[in-house]
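Let the sequences and hints guide you as you build the complete structure.
Letter by letter, the chains look like this.
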Amino acid sequence: MTSLSPPKDKIWWNEPIEKAELIWITIVFLWGLVMSFMMPFWHVVGDQNMSTLTYKTTPEKFMQKTQAFVDEYTVRMDDGPRQYPVVKPPPGGDVYLVARLWDYWPVVELKKGESYRFHLSSLDWQHGFSLQPANINIQIVPKYEHVVTFTPDQSGDYSVLCNEYCGIGHHMMIGKIIVI
Amino acid sequence: MSEQFRTCPDTGLKLYQSTENLIKANAVAAVVFLLVGGIYGLLVGLTRWPAVHLLPADWFYLSLTAHGINVLIFWLIFFEMAILYFASSVILGSRLAVPKFAWVGFGLMLIGALMNNYIVLTGEASVMMTSYAPMEAHPLFYLSLILFAVGALIGCFVFFGTLVVAKEEKTYEGSVPLVTFGAITAAIIAVFTIISGAIILLPTLAWSLGLIAEVDALMYRLIWWAFGHSSQQINVAAHIAVWYAIASIVFGAKPMSEKVSRMAFFMYILFLQIASAHHLLVDPGVSAEFKMFNTSYAMYLAVMASMVHGLTVPGSIESAQRAKGLNGSLFEWLRRAPWGNPTFSGMFLSLVGFGFLGGISGVTMGAEQINILIHNTVYVPGHFHATVVLGTTLSFMAMTYWLVPVIFRRDLIWKGLASWQPYLFGLGMAGVSLFLMGAGTLGVPRRHWDITFSMTGGEVYEFPAAANTLLALNGLSVALAVAGGAAFCLIIVGSLLFGRKLGPDEQLDTPHMATPPTDAEYEKLDKHGISVPGTLVLALVFFAAFAVYYFINWKYLAETWGIS
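Chains as they are written, first to last, in my numbering: chain A, 1 to 180; chain B, 181 to 744.
The set of hints was computed from the structure by calculation and includes no laboratory data. Glycine is no exception: its CB is placed at the ideal position from the N, C-alpha and C atoms. Each hint should be verified, as a subset may be incorrect.
[Unchecked claim] Short, incomplete list of chain B residues facing chain A, as computed with Cβ under 8 Å:
#: 1; residue: Pro-230
#: 2; residue: Ala-231
#: 3; residue: His-233
#: 4; residue: Glu-304
#: 5; residue: Tyr-352
#: 6; residue: Gly-465
#: 7; residue: Met-479
#: 8; residue: Tyr-480
#: 9; residue: Gly-638
#: 10; residue: Val-712
#: 11; residue: Thr-715
#: 12; residue: Ala-719
#: 13; residue: Ile-743
See the structure below:
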């Protein structure tokens, strides 16, 4: 009798279980409970939990909001090659970041240790917000405005890459966040 | 029924002609698409090696699309059709239900696969396998996938029909064998998968034709992944059935206990279906409760099922080896396994690679918050090259070596190369998996042509130098794996064309189906203590590696920005 032939007993349910199997099943079941526990546990004690606050939006509405944000808080033009506005919102305030084919707009300046409510959406296709080197990766879906609160813990220049394939210019998509 | 069959002189299996022809057709188509997809894979790997950077951007994205679809869908599902016909008709010794329908299914799959390759090659469908709306491909792209899926669905129903025929005609006694049970699991998941595919691809096709205005991007992701991820669960169920089959073929092994192995398969059906959630862990609009419950496959019960198979498959081998007298030390049963037989070595490397690299990484990155570090980085392809290539593909290759003499009646050519092939392919693919995971940990994005950002007009991000090194090592590993894959295709195609023909009653020089240990031999084993101490030790090593790696990732997570 092998795994290629019918079980010896028609009612295989009554066969005994081997001790090694029982030990292992117990271990992996408990391990599953530990891993299941870790996620809600981190929601209570951890500082990195993905927000689920989301609004339906449209590209036009989201662009309007971002434009208003840029108009209100721009402090200078970026000295980088694109000369995008550098926008410096008040700590605790809202930040609007547009993802589009193929860049992020505008450049944002944040203060270390302060929290900001980022609003992320796409004007066209899906994109992948990938903040480096902090390595925070969030899906950006058009017509959904995702509100995520970030608290930068180190100052420096950060880049926002796209890690959701978005066509032939995908690798040209890059944005900038400055933490002071 | 008067359909012709023959009895295999090496294995005693009853082979109906229509079944044999269908297995041949599906297996050959599978290997051809593996070859095509593998070539695209080489181009992709060499392009991501920064010092080589082989292809221009448009050809890179085209090749990556074609690579994914050819290997992940066409190679695997054609081969799985062969497995379904084997697990029903051959193992149960039954004629195949309505072989004509099976041929219609095969035809649709072939048309779909060819059409897809054509439209992708024109450059009008470089949308990746996931084809996320609202990025639009040529309508033929969606149509080709739908045709392929309908063909596969027909194959599943022929499989179910064959089970009914076998039961009716009493070709076997009692319950179906474990391997068939595993194949039933795969086929049930396949039906769910294909229906999910239809629910999302039909409206997407209509949208690409201009018939409907819009496909919601988030809904597309939710339902597409019920198709996209579940199709990987077909692979898991199928390759685990192959592990059990090979343990029986090479060692005459029997399941440690039928109940445990069958329940573990059954848990896949119950819990794997909700897998699409772990692709949406950093998506907008999805609640934390939904993410936590579903990404853990309901408290990790399906993960538990895989870990159980990870013990019971080598455990069944250890039992059989010990029953035959290889009872000396903890690992004598393993040391004295036939490591030069590619059917065994391929299967065992598949088991180890799937568990240690694919399993641990997959469950870790599927933790709701840890996914923030990993989503859409090259860590993700690193993970699934361990599950679906090292795991599924390598076990299917191992099975193919065994099938060639049985089904095609040809002796294998180049047996020396064949005995090295699983190591070559396995080592290469383990490298691909590890180095991509390493680069992903550094934040390197997946599906990305140029991480030096040379086309952005001066706005750049400089990755740590290690990222370039890891991608170069990945390129070398790709070359090694492709050499292994090419060796496989050469040996199999060469054997089918030029291998020595075996006469109808001619037996191979070496036994092709091991004689199972007798009940008396099994009786001698220690039934009250631990009968498989070696396997249990290996399992505990696995568990320790898993736990350490899992918590290291929480530590990494704690070090990044606050997110809420």
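Do the hints match the structure? See the list:
A hinted interface residue such as Pro-230(B) counts as satisfied when its beta carbon comes closer than 8 Å to some beta carbon of chain A; here the least separation is about 12 Å, so the hint is violated. Taking 8 Å as the C-beta contact cut-off toward chain A, the hint placing Ala-231(B) at the interface is violated, the least distance being around 17 Å. Contact between His-233(B) and chain A, as hinted, is not supported at the beta carbon level, the nearest pair being about 11 Å apart and thus beyond 8 Å. Residue-level restraint check for Glu-304(B) is violated (minimum Cβ-Cβ distance to chain A is 12 Å; threshold 8 Å).
Residue-level restraint check for Tyr-352(B) holds (minimum Cβ-Cβ distance to chain A is 5 Å; threshold 8 Å). Proximity of Gly-465(B) to chain A holds as hinted, the smallest CB-CB distance being about 4 Å (cut-off 8 Å). With a cut of 8 Å, the hint placing Met-479(B) at the interface with chain A holds, because the nearest CB-to-CB distance is about 5 Å. Hint on Tyr-480(B) holds. Least Cβ distance to chain A is approximately 3 Å, under the 8 Å limit.
At a threshold of 8 Å, the smallest CB-CB gap from Gly-638(B) to chain A is about 4 Å, leaving the interface hint in force. Hint status for Val-712(B) relative to chain A: holds, with the closest Cβ pair at about 5 Å, below 8 Å. The beta carbon of Thr-715(B) is positioned within 8 Å of a beta carbon in chain A (closest approach about 7 Å), and the interface hint is therefore held. Evaluation of the Ala-719(B) hint against chain A yields a held restraint, the C-beta minimum of about 6 Å falling below 8 Å.
For the restraint placing Ile-743(B) at the interface with chain A, the shortest Cβ-Cβ distance is roughly 5 Å, inside the 8 Å limit, so the hint holds.
The structure fails to meet hints 1, 2, 3, 4 from the earlier list, while all remaining hints are met.
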